[in-house]
Every structure is written in C-alpha cells, then in structure tokens.
Amino acid sequence: MKTLVLVEHDNTDMKDATLAVVTAASQLGEVHALVLGSGCGSVGEQAAKVAGVTTVHVADDASLANQLPENAAPLIATLMESHDAFLAPATTTGKNIAPRVAALLDVMQISDILSVESEDTFTRPIYAGNAIATVTTSDAKKVITVRGTAFDKAATEGGSASVEGVTGAGDAGLSSFVSEEIAKSERPELTSAKIIVSGGRALGSSEKFEEVITPLADKLGAGIGASRAAVDAGYVPNDYQVGQTGKIVAPEVYIAIGISGAIQHLAGMKDSKTIVAINKDEDAPIFQVADIGLVADLFDAVPELTGKV
Amino acid sequence: MKILVPVKRVIDYNVKPRVKSDGSGVDLANVKMSMNPFDEISVEEAIRLKEAGKAEEIVAVSVGPQKAQETLRTALAMGADRAILVMTDDEVEPLGVAKILAKIVEEEAPKLVITGKQAIDDDSNQTGQMLAALLGWGQGTFANEVDIDGESITVKREIDGGLQTVKLGLPAVVTTDLRLNEPRYASLPNIMKAKKKPLDEKTPADYGVDISPRLTTTNVSEPPVRQAGEIVEDVDALVAKLKAVGAI
Chain A
1 MKTLVLVEHD NTDMKDATLA VVTAASQLGE VHALVLGSGC GSVGEQAAKV AGVTTVHVAD
61 DASLANQLPE NAAPLIATLM ESHDAFLAPA TTTGKNIAPR VAALLDVMQI SDILSVESED
121 TFTRPIYAGN AIATVTTSDA KKVITVRGTA FDKAATEGGS ASVEGVTGAG DAGLSSFVSE
181 EIAKSERPEL TSAKIIVSGG RALGSSEKFE EVITPLADKL GAGIGASRAA VDAGYVPNDY
241 QVGQTGKIVA PEVYIAIGIS GAIQHLAGMK DSKTIVAINK DEDAPIFQVA DIGLVADLFD
301 AVPELTGKV
Chain B
1001 MKILVPVKRV IDYNVKPRVK SDGSGVDLAN VKMSMNPFDE ISVEEAIRLK EAGKAEEIVA
1061 VSVGPQKAQE TLRTALAMGA DRAILVMTDD EVEPLGVAKI LAKIVEEEAP KLVITGKQAI
1121 DDDSNQTGQM LAALLGWGQG TFANEVDIDG ESITVKREID GGLQTVKLGL PAVVTTDLRL
1181 NEPRYASLPN IMKAKKKPLD EKTPADYGVD ISPRLTTTNV SEPPVRQAGE IVEDVDALVA
1241 KLKAVGAI
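Protein chains in written order, with the numbering used here: chain A, 1 to 309; chain B, 1001 to 1248.
Everything labelled a hint here was simulated from the structure, so no lab data went into it. Worth double-checking, as some hints may not be accurate.
[To be verified] Below, a list of computed lysine-lysine pairs in the DSSO-like style, where the Cα atoms sit at most 27 Å apart: (1) K1243/B x K194/A; (2) K270/A x K280/A; (3) K280/A x K1016/B.
Throw the hints in and build the complete structure from the sequences for me.
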C-alpha cells in the first residue's frame, strides 16, 4: 500500500505531530510525505530525513501558505489517484483538511486512530474515550487522522527520501487568510511537553492562574494546560484547553491543580504516565485516576511545592 | 438570508457512557439524551444573527430516529423557525449525513450552514467539512467568532497555536467551537410555542442518496482502567513521590 502523510509545519519547521503519523503510515505500507505551503523548502528537506519516508511531495505555492482546506483538498484528492491511504495528524490543521479530502474522494474518514490492526481495520476512541471502537472500512481508498499520543514518533534522522515538486490548481477563490494570533512562548508545546502543569476553575482568576501555576511550570520546565472551565472563564486562552474537544496529551507527568476531573477533561489526559492531583475536595473524580493525590488548598500547597522542587 | 442548522441527538453531556458487555456498542437504553452541545451553540449563533438583522429564517435539521423530534423542538423553542427531520433508525455516518444535508441545501438554498464541530458520541469532527466539500463552499471550522458583512463572512477559528481568522465568500459552512457563545435556555412560553412551529418529516429515500455505511464496527470495548493511586499527607511527601518516579 502506498500512503500519503500530511506534514504539519509552519513553512519553516516540521512539527513533531508529523512523526507519529509516519509511524502509523509505515504500519500500512510505503510512506510518502506531503508538504503543502509557501516558501516551505526547508520543511521538505526535514521531512526527507525522517526515517521510513521514501518520497516527499512538496507543493510550494502562495495559495497554500496557510493550508486553507479549500485550496489544499483538491490537490490532495488528485495525489490520491496514485496513493491508497491519506493520513493526517489529528491536529486542528489535519481535522480541517482531511474530511474535505474524504468527501471529495467519496470516502468515509476514520478519525483519531489509536492503532492499526490490519490494512483496513483500526481502533479509535468514541464517547470522549470512554469506549474504544474497532472499525473496518470497506472503502478502497482510506482517509485517516492519527492521534499523536498513540504512536511512537519516527526518528527525525536516518531517512533519505527523494523530494519531488507538485503543483495544484492554485486558489479556489472560496476563502482567504486574514490574520493569526499565535502565542509566542518559550514553553514546550502541550502535545510534546514531558511535564504539564494544568489549572482549573478553582484558581479563580487569570491573575491567580498566572501567580500560582506559572512559577511551578517555570521551575519544572513544563507546559501549561487548563480545564475547559478555566478557559471558558477567560483565565487562559483557548489553546491551553486539555480534553475531549481540546488537546489530547500524554506527558510523563501531568499535574492537575484545582481540576475536579470531568470525563471530558479526563479524556484529554488519562494516558499520561504519572498523574498528580492537588485539590481540596477529597471526593473530586480526578483522585480516581491520579497516581499521587494531595488533598489541600492549592493556594497553600502549590507555592510550597514550587519552593521545594 | 436563510441559515440551516443541522443538529444531532446524542447522549447527554453529563452521562458517563457504559460499554455493553457483549462488545456491541454503548448502552443507550434509558439514558438521558440531549442536543449535541456544539449544535446548541450553532442554534444560538443563528438566533443571534437573526436578532442582529443579518438573517431572516432559521431552519433546523436532524438526521436520526423519531425521537430526534425532541431535539428539533428544543431548537425551535430556542428560536429556530421551522425544522426538518430526516427519519431513520439506522446509524448514518458523517459522509451520509453530509450527502443528505447537501440535498437539503439544494432545496432550501441557505446562505449559511452552522453546525457543531463534532458530536460528543462518535467524536468524528467531519460532517461540516464534508458538506462544504460536497457543495464546493468555503468552510470556517472551530469558530470562536463570526461576523457577516454583505457577501462574505469572517470567521475567527480556534487552532492549536491560538487563533486564526479567515474570510469566506457566502454561501459557506461554519462549524462551532466552545467559546463562540453561551446558548440560551428555552423559556416555558417558547417551549409551548415551539410545539406549533412546522416540523417536516422526511426519510433518506426522499433525497435519493446512498447512505449505506462504509465502516463496520466489529467491537466496542472499555478503555484500560486507571487505578487510583495514593493520597499523600503533605507537600513534602508529594515531593518525595515525584522524586521516586523520576519526575523531578
């Protein structure tokens, strides 16, 4: 089987999310990578070095600078004439593009796969990860998004794929990019952080969130996450949200502070290796999944913890 | 301008789903069902656009069993003008739903379709994007803010790194994210009024599209259960534990 992997990138650097998708694709067959962008030659070179990738297709065009799905999907659909499976990371970019490709190909997409059981059978989470479904597709071509935490990352060195240019139909004239507000941070990205410190509604305000959570995260070199309640209350921006409909994370250590542990939040973090919970409510559901729990007022316990680590 | 709002009847947000012991699926017997939370946000947004004078009519649509009528009545009670139920007891996949919706769009000619970014039962996150592809329309997914200006719509989208704003020509498809708005509760008088609003019943056969499933679910199982660990006494004990597991 010939697979086509959508490379996640910002026109300069390839993102780690790509590497888990390469691993999933390599379980299906030959791995080709696709870089859609503008001025994205360096990304093509990085993708060519990923172990397991044999060919990199680079579509470098102004209309693809922001990977607008209206422009990207027709190009991918055309490339799928000579590939059997399209795999994208289950990131907001992948989720935006892949279903559009699937519909153009008249294929039912398989979202957020956790494992490849055979060339037509996969497992995927449903009901916020409270159930795992095994699904078999009857479609000849496959369109798949891949959960990044479920597959090992392919090595970024060791490959020597050939790089080929491809051209698309250009601007579909349906959409245009206006602007982007991307948080610039020295902090590790949530989906690749080794340690995550996450705060909930109990923090009470954005000032307190900053005052209590940030110093601990700084001390640990951790990424910062939040529950939906904390995001909805405006303590932190939307891209901090961990959960069923936010980011799915699986760090070495996840420290949940003032988070009660709604099923929607647990769906986003329960695959973390070690879960630590600090909450003053001893009946909070978060303690049912935590490896280490501390029943305490977070405003006392967290500063003390920050001082002692 | 007319807005079409597809809504889905799903397990209530607050219910913990139970996997059936025979592995055939999730037990939905006697479980509270509600409108998919993201679809509530879609209905609310459509109503706000109407209240702002940017839309004249809101049509709610659902593809599902007879009981999805209740979900449509909820949309009508919130403020939708009329509803269409495409009745089927079979499970229809996102691709099938998108094909039915595309036919309804042909008949109804809305300028805008607003729907939830994902349903909280199958967590697919596909229908809106597929519908946009089938119609050849632009798509503004994971909307945090929308603004209609004449023949175009500006959508601020929630993306992994922050926010992205795109401009789409109308007609277009928008899928909603959590921060777009806070849906209203239907008032009792509006719930009563909703009972008199028109609700058309159709079947998938009326639209002549092939919605036979492409995927077969062979097993549904419980995820591995995490065992509760240990409650420590104080911060010193927590630090010791963190050191023991090599976290710090």
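Going through the numbered hints above, which ones does this structure break? Give me the numbers in ascending order. As far as the earlier hints go, not one is violated by this structure.
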